[in-house]
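From just these sequences and the hints, can you work out the full model?
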Amino acid sequence: MKKKYLSYIIAFIVIITLNFIVPRLLPGDPLNAVYGDEVLLNLSAKTREYISSTYNLDRPVPVQYLLYVTSIFKGNLGYSIYYKKPVIDLLLSCIPYTIILMGLAMFISSFLAVVLGIESGWRRGKKFDKFILFLVIFFSSFPSFFIGAVFLIVFGVILNILPFQGARTMYSGLGGFSLSLDFLLHLILPLFSLVFVFLPSTYLLTRNSMISNLKEPYILLARAKGLDDIRIRYQHAGRNSLIPVATHTGLRLGTMMVTGTLFIEIVFSYPGIGSLIYNSILNRDYPVIQGSFLFITVLVLVINFLMDIFYVKLDPRIEYAY
Amino acid sequence: MKKIFMTLASFILAIFFVSCSGISGSSDGDIIRIADPTGDWGFPSPYGMYSRGPGYIRMSLIFDTLVWRDKEGEMIPLLTESWIYDENENMFTFNLRKDVTWHDGEPFDASDVIFTFDYIEKYPWVWVNSSFIESAQKIDSYTVNITLSEKYAPFLNNIAGTLPILPQHIWENIEEPLSYTGDDALIGTGPFIFKDYNSSEGSYLYGANHDYYLGEVDVESLAFVRVSEETTPAMLKNGEIDAGSIPPDVTEDLKQSGLKLEEEPPIWAAKLIINHRSDSLLAEKPFRQAMAYAIDTNQIVEISQRGFAVEGSAGLIPPANSLWYNDNTPQYEYNPLKAGDLIEDLGWILSEDGYYYKDGDILELELSVSQGDFERDAHIVKENLEQAGIKIELVSYESKTLDSKVENWDFDLAVSGHGGLGGDPESLNRVVIGGGFNSVRYFENERMVDLMQSQLKEMDQNIRREMVYEIQEIYAEELPSITLYYPKWYWAHNEKADIFYTEGGVSLGIPIPINKIAFVDI
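Protein chains in written order, with our numbering: chain A, 1 to 322; chain B, 1001 to 1522.
One or more of the hints may lead you astray.
Residues from chain B that face chain A, not an exhaustive set, calculated with beta carbons under 10 Å [claimed, not checked]:
#1 Met1049
#2 Tyr1056
#3 Asn1129
#4 Ser1131
#5 Ser1135
#6 Ala1136
#7 Gln1137
#8 Ile1174
#9 Asp1196
#10 Asn1198
#11 Val1225
#12 Ser1228
#13 His1418
#14 Glu1426
#15 Asn1438
#16 Gly1505
Below, a list of computed lysine to any residue pairs in the SDA-like style, where the Cα atoms sit at most 20 Å apart [unchecked claim]:
#17 B:Lys1138 to B:Asn1090
#18 A:Lys85 to B:Ser1199
#19 A:Lys46 to B:Ser1131
#20 A:Lys4 to A:Phe305
#21 B:Lys1285 to B:Lys1391
#22 A:Lys85 to B:Lys1138
#23 B:Lys1405 to A:Val312
#24 B:Lys1071 to B:Glu1216
#25 A:Lys127 to A:Pro143
#26 A:Lys85 to B:Arg1306
#27 B:Lys1237 to A:Asn160
#28 A:Lys4 to A:Ile281
#29 B:Lys1122 to A:Ser52
#30 B:Lys1405 to A:Ile137
#31 B:Lys1122 to B:Gln1168
#32 A:Lys46 to B:Glu1134
#33 A:Lys46 to B:Phe1500
#34 A:Lys46 to B:Glu1150
#35 B:Lys1382 to B:Gly1354
#36 A:Lys85 to B:Tyr1123
#37 A:Lys3 to A:Tyr311
#38 B:Lys1098 to B:Asp1211
#39 B:Lys1285 to B:Asp1341
#40 A:Lys85 to A:Tyr35
Since the hints were made in silico from the structure, they are not lab data.
Every residue, glycine too, gets a C-beta built ideally from N, C-alpha and C.
Following this line, the structure appears as structure tokens:
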């Protein structure tokens, strides 16, 4: 177990270093990205100097790195050059939206995918399986932003039954329950777009895992014991099919957040961390890029760590592997 | 099953918590909602706003300047009653209004003005170049003298009409203005009082300042909300928003729906940027002229911009800037034959494959374009230049990468653009002899450089105009870049939101139809 902790620490150090280096490898610098476009500005040498020194951009890169690492350990993620705000405040204002959107999407998509995967695997080759498999593969071939755009156009613009911009109607005078309802209505389109994005891979994995589990001798034993179908399907084969699904979800979390959620948030102008990352990359806002990726990194590491513990519960054999 | 319910319950709690955080709003009554596709333009204090036009507009509703431009672009007094310029002393004297109070009830006087000028000297503010200010002196409680370090023609517009006056009693203790977001950071003298700013939602809410010295503010609340440009028309039609920028293709449809349209004066320039510092043909003036003859700007306007643009002027300043545009600037009518003659004069020979060659080398250039922007324009430019015998390789870059390549002269040709051409011609200096990537950084013609520097110091507007006219003529002759077109942009609004474009733009020349005095009964 000690070895495991050490590997987490090494991973963390490597990642924060990469986090520092990669944004600086992007062509262009923050001052140009933030101030360069606007012709009306009077960016004199004195003003440039003042801004550079305020954001430590005039310091040598190794000093910037040292400042970055020491401030991380002090819990300070720096100060945004574009947003002119502490990075931690920016993250804190976006994270709840992403957690709700992504968390609910993961929850719903995993639930649906597992149930459909188990049922599909159980009925392999039959009409139900073929139909679901076709639908899922059909949807999985679309990029996430396309699914989002289709949902937006169909339900938001053509049918005009759901809001499709932002997370709530601002300054609408709503309060209490109607405000929460407004928030929920705004959540529906991005949420279900994301469910469609997340669902296919989990479904396919559950289905495959289910198919191979159904061939195991313990299923034969369960049948021989005269257990009913539902119990065999869910408690015996289904539960064992969850092990690879849990690993897969843990590993994919970072990718899901950056690729899937980012595009969906941009399509629906949803104020989550994806929109923040997108804008900060466009503006070469190093502190925000570093802070957002650090947050995702830590989140993925924590989830992986929790998954390590969770597997033992799912599959007690793993404990003996250490 | 229990666990599933627990998880769901925690999500519901989280939704309730997040949805109830922040201000949900004001009364639905007299509120004007303005749509904006970006949404967040920063904390609306002078130092906190993002350094772009929309950021300035949001700040300008709260903070006032000494003078301001009205709808016709005329300078009107705001915090001042009158002003005079003493040419011998190179000094402006402002007689300030005596009936102005800050939003927190404190009285406004000359100390605040002096403090603001001193403050931007200590903490530079990106919109104003404080090096032109020699000193700011308080004569009495309501009179200030601003002495300039050298003659500076755009002073009234670019400093007095741009610099928001800060309350001394608040900002005198602030040592980190870029990060100051305290409760009192948004106390100004303007027609609107700050109510709410939500960075993640990209929304702003302002309330009327009923004690505004200039007159009654006739809108109770003003809100900016994030709405994409594509969905703005639908929301305008059903009354969910009152004003917003719209794609040009829907103008007719909205007009028929009874909405009013405002056409922005086309002052944003899309340009073919030329690496005139390279050791290739691009450094030769006749070759640049040949390219101008070879490019059919009318085709770009009609096809790429679907008619919603004005053809570029070779002198860069757009015809819409009526005060400074020179009608006699020589232009390059589409003429591929003339282009061919000019290239042949440089010793290149047209081969059977349709391209020019010299000493066995083909005439080939790389045309860079940023992904998504200007791609259609670039295709037409490529087609035009290839028809004229110049082989073009089209390369696409992410926009900031392209900016960086242009800044480092690591390109041949690039399609890019910038705004800022609608107001004072000081911006012409920034995009011709300035240092940024938006500038062509062209110093080959000494007369033009000299004229550019002197026009800034010429206080007689008529003489200055002659100088700016000549600059355009020289620019058109030298062609450090080729202006392709000025796109037309539109806003739509209903009767409730009586907005207008300010001639020459708001303040420094911001082309957004939200001028705070539109909401005041003067």
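A quick look at each hint next to the structure:
1. With its C-beta approaching chain A no nearer than about 8 Å, Met1049 of chain B sits inside the 10 Å limit, and its interface hint holds.
2. Against a cut-off of 10 Å between C-beta atoms, the interface hint on Tyr1056 of chain B holds, since the closest Cβ of chain A lies about 8 Å away.
3. Annotation: interface hint on Asn1129 of chain B holds; nearest CB of chain A at approximately 4 Å, less than 10 Å.
4. With 10 Å as the threshold, the beta carbon of Ser1131 of chain B comes within range of chain A, its nearest partner Cβ sitting at about 6 Å, so the hint holds.
5. The interface hint given for Ser1135 of chain B is violated, since its Cβ lies 17 Å from the closest Cβ of chain A, which is over the 10 Å cut-off.
6. With 10 Å as the threshold, the beta carbon of Ala1136 of chain B stays out of range of chain A, its nearest partner Cβ sitting at about 17 Å, so the hint is violated.
7. Interface hint status for Gln1137 of chain B: violated, as the beta-carbon distance to the closest one in chain A is roughly 22 Å, over 10 Å.
8. The beta carbon of Ile1174 of chain B is not positioned within 10 Å of any beta carbon in chain A (closest approach about 13 Å), and the interface hint is therefore violated.
9. Evaluation of the Asp1196 of chain B hint against chain A yields a held restraint, the C-beta minimum of about 8 Å falling below 10 Å.
10. For Asn1198 of chain B, the interface hint holds, since its Cβ comes within 10 Å of a Cβ in chain A; the closest pair sits about 7 Å apart.
11. At a threshold of 10 Å, the smallest CB-CB gap from Val1225 of chain B to chain A is about 5 Å, leaving the interface hint in force.
12. A least Cβ separation of about 6 Å between Ser1228 of chain B and chain A falls short of the 10 Å threshold, and the interface hint therefore holds.
13. Against a cut-off of 10 Å between C-beta atoms, the interface hint on His1418 of chain B holds, since the closest Cβ of chain A lies about 5 Å away.
14. The criterion of a C-beta within 10 Å of any C-beta in chain A is met by Glu1426 of chain B, whose closest approach is roughly 9 Å, and the hint holds.
15. Proximity of Asn1438 of chain B to chain A holds as hinted, the smallest CB-CB distance being about 6 Å (cut-off 10 Å).
16. Because the beta carbon of Gly1505 of chain B sits about 9 Å from the nearest beta carbon in chain A, less than 10 Å, this interface hint is met.
17. Distance hint between Lys1138 of chain B and Asn1090 of chain B is fulfilled; the C-alpha atoms sit about 16 Å from each other, no more than 20 Å.
18. Between Lys85 of chain A and Ser1199 of chain B, the direct Cα distance comes to roughly 10 Å. Compliance with the 20 Å bound is thereby established for this hinted pair.
19. Between Lys46 of chain A and Ser1131 of chain B the CA atoms are separated by roughly 9 Å; this keeps the pair inside 20 Å, and the hint holds.
20. Under the criterion of a C-alpha separation no larger than 20 Å, the hint pairing Lys4 of chain A with Phe305 of chain A is consistent with the structure, at around 9 Å.
21. Distance check on the hinted pair: Lys1285 of chain B and Lys1391 of chain B sit about 19 Å apart at the alpha-carbon level, within 20 Å; holds.
22. For the given pair, Lys85 of chain A sits about 35 Å from Lys1138 of chain B by alpha-carbon distance, which is inconsistent with the 20 Å threshold.
23. At most 20 Å may separate the alpha-carbon atoms for a hinted pair to count; Lys1405 of chain B and Val312 of chain A exceed this at roughly 53 Å.
24. About 18 Å separates the Cα atoms of Lys1071 of chain B and Glu1216 of chain B, which keeps this hinted pair within 20 Å; it holds.
25. Distance restraint check for Lys127 of chain A and Pro143 of chain A: the Cα-Cα separation of roughly 27 Å exceeds the 20 Å cut-off, and the hinted pair is therefore not satisfied.
26. For a cut-off of 20 Å, the pair hint linking Lys85 of chain A to Arg1306 of chain B is broken: about 41 Å separates their Cα positions.
27. Between the alpha carbons of Lys1237 of chain B and Asn160 of chain A the distance comes to roughly 13 Å, so the proposed pair stays at or under 20 Å and holds.
28. A distance of roughly 33 Å separates the Cα atoms of Lys4 of chain A and Ile281 of chain A; the hinted pair therefore is violated under the 20 Å criterion.
29. A C-alpha spacing of about 15 Å is found between Lys1122 of chain B and Ser52 of chain A, which places the hinted pair at or below 20 Å, so the restraint holds.
30. For the hint pairing Lys1405 of chain B with Ile137 of chain A, the CA-to-CA distance comes to about 42 Å; that exceeds 20 Å, so the pair is violated.
31. The straight-line distance between the Cα atoms of Lys1122 of chain B and Gln1168 of chain B is roughly 14 Å, inside the 20 Å bound, and the hint therefore holds.
32. Between the alpha carbons of Lys46 of chain A and Glu1134 of chain B the distance comes to roughly 16 Å, so the proposed pair stays at or under 20 Å and holds.
33. With a C-alpha separation of about 36 Å, the suggested pairing of Lys46 of chain A with Phe1500 of chain B is violated against the 20 Å cut-off.
34. Proximity of Lys46 of chain A to Glu1150 of chain B is assessed by CA-CA distance (about 18 Å); at most 20 Å being required, the pair is judged to hold.
35. Of the pairs offered as hints, the one joining Lys1382 of chain B and Gly1354 of chain B holds, with about 14 Å between alpha carbons and a cut-off of 20 Å not exceeded.
36. Taking the CA atoms of Lys85 of chain A and Tyr1123 of chain B, the gap is near 17 Å; set against the 20 Å cutoff, the hint holds.
37. For the hint linking Lys3 of chain A to Tyr311 of chain A, the alpha-carbon distance of about 18 Å falls within 20 Å, and the restraint holds.
38. Pair hint Lys1098 of chain B plus Asp1211 of chain B holds up; C-alpha atoms about 13 Å apart against a cutoff of 20 Å.
39. Between Lys1285 of chain B and Asp1341 of chain B, the direct Cα distance comes to roughly 14 Å. Compliance with the 20 Å bound is thereby established for this hinted pair.
40. About 16 Å separates the Cα atoms of Lys85 of chain A and Tyr35 of chain A, which keeps this hinted pair within 20 Å; it holds.
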